[in-house]
Amino acid sequence: MNGPPLEAWLALSAALFAVGLFGVLTRKNLVAILLGVELMANAANLNMVALGHFRGTPFGQAAALFSIALTVAEVVVGLAIVVLLARTHKSVDADAPSEMQG
Amino acid sequence: MMPLAIPIGVCALAVLVLAIDLVPGTGPRRGAAALAAAGLAALFVATWFVPSGVALSGAFENDAFTVYVQRIVLGAGVLAATGMIDHAERLFPRRHGEYLLLLLASTCGMTLLPGAKELITLIVAFELMGVPLYAMAALHKGTTIGNEGAVKLYVAGAVSAAITAYGLSFVIGATGETMFSVVRPGEGPMIVLGALLMLAGMAYKLGAVPFHGWVPDTYQGAPAPFVAFLSVAPKAAGLAGMARLLWEAFPRTADRWTPILLALAILSMAIGNALAIPQSNARRLLAYSGIGHMGLLLLALLMGRGSGLEAMVFYLATYVAANMGAFLVAEAVEADGGGEIAHFNGLARRNPGLGLALLLFLLSLGGIPFVAGFWGKMVLFRNAWLAGYTWFVLAGALVTVVGLFYYLRLGRAVYIEAPTNTAPVATGGAMRTAIVLAVLVTVGMGVFPTPFIEAAAAAGVAVGR
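Chains A and B, in that order, are what the protein sequence lines are.
Every letter in the first sequence is one number past the one before it in the numbering used here, and letter 79, counting from 1, is 83.
Every letter in the second sequence is one number past the one before it in the numbering used here, and letter 41, counting from 1, is 30.
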């Protein structure tokens, strides 16, 4: 198969991971934070598939399938928590509800 | 399949509890919680009869290490299920069954994690442990800080999972395999990168400094019976999973990741204990002191196979009983008034049994002789000294003194300060049972530590054979 070399895929997934991490660290809106987490998880999946392909092993794709299922389970719970927060605080900002300190 | 009997049993128990909860119209369901507690206790006993060996084509191994950690986790599960019975109606109206289902699902992941010997099994077990915990943290009705705690736990867990998966991809890329035994001979920068990313992801979940920001807020905001469980069981299982991963899959590159682990250990020990001193809320005090304990546990983890892991699992066993006990007492005091240290004033006069139990737990956490925590620290410091970490032992002794200072500040409130309200603190029968169990374990391990240490020594050499 002719296509981009492994380095290109690794660079793409590293960029995705960095963008996701940046979003998680800088965004205040919880939905945006969830999107950042999703980007990080997808960077990991892309990396697994790319590395597995160039290494000639099926384990990369197998791990990516498991990883996708795990991320879905996680995001379902995360969105439920966001809905709960929107109901109790009328806001989905991560630090709007700050009632604790120390 | 027999070596997998314990995780399968926990899973079956979860399904049974869910089925009971779905039977319509039986009012409050104390029975379901009692069933969960009894079932977990039965599985705890069953750990002595499960044959050791591998299952799932070698992806899971039941050996002395797996069994030791499973007993810790199942013991914590029994205390958590028993301790929630009296408060469930107030904290989770009409949500008992869901709470128990989540508790058991998480416990299932925790019993799988210490035996995972394959990368995909490891991350699936880690997530099976983690995802139910997010939902449990948010189950608390009627408070808003509970939701804030749940959000922080969730974001920490999700970021940790993504970083771990990203690290995993590099390990697959470097070795083309997922079994620890096949990954093991691998060397090179890609393996080191993968190992470091997986290490960072898992340390995030365990709340080691500098990934500790979520810990105090989650501990303060989430429902009390849940925090008692969260503060010990995921730590025990997560550290066990890390021990397997690092010492069975990446021992060849140990000189590259042990410095990072050592830095995390020192920072956790120093910052956790320093920040515990000014706390005025009992739960936040226990949260920061827990970060300090995590520092000592990470040191034991990095000392590795044999003496290090022996100290780690034994320390965990002593820590689980004392810390859960302290949180259970805090829960009873909170139900009565509130969670500030001032609410503990005169507890010994208002309820002598509860006051004495809390004092024993605090002494154990502080490391005073004749309660379990002393032996935990003793074994850890002895083994660290023999392994050449002399200066770490001296620093550890110093923070132990600092720890005693803030633990006894709480003890002083209980025994010396005058109560503002002289009415006795009420505790329900189930709560008393859970606290008595925790006291028995704490004092029992303090007086007869030998069998526990011997079992821990067998567990310590089981990893990385």
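The reader is advised that the hints may include incorrect statements.
[As the list claims (entries may be wrong)] Cβ-to-Cβ under 7 Å is the rule here; a few derived chain A residues that face chain B:
no., residue
1, A36
2, A67
3, L69
[Stated by the list, open to error] Here are the simulated distance ranges between beta carbons:
no., chain 1, residue 1, chain 2, residue 2, range
4, A, P9, B, W380, 24 to 32 Å
5, B, P440, A, A12, 19 to 27 Å
6, A, A36, B, S41, 27 to 35 Å
7, B, V12, A, P8, 53 to 61 Å
8, B, I266, A, T92, 27 to 35 Å
9, B, G20, A, A77, 28 to 36 Å
10, B, V425, A, A19, 51 to 59 Å
11, A, A15, B, G326, 26 to 34 Å
Quick caveat, the hints were computed from the structure, so don't treat them as lab data.
Glycine residues also receive a C-beta, built at the ideal position from the N, C-alpha and C atoms.
Hint numbers the structure violates, sorted upward? Failing hints, ascending: 1, 3, 4, 5, 6 and 11.
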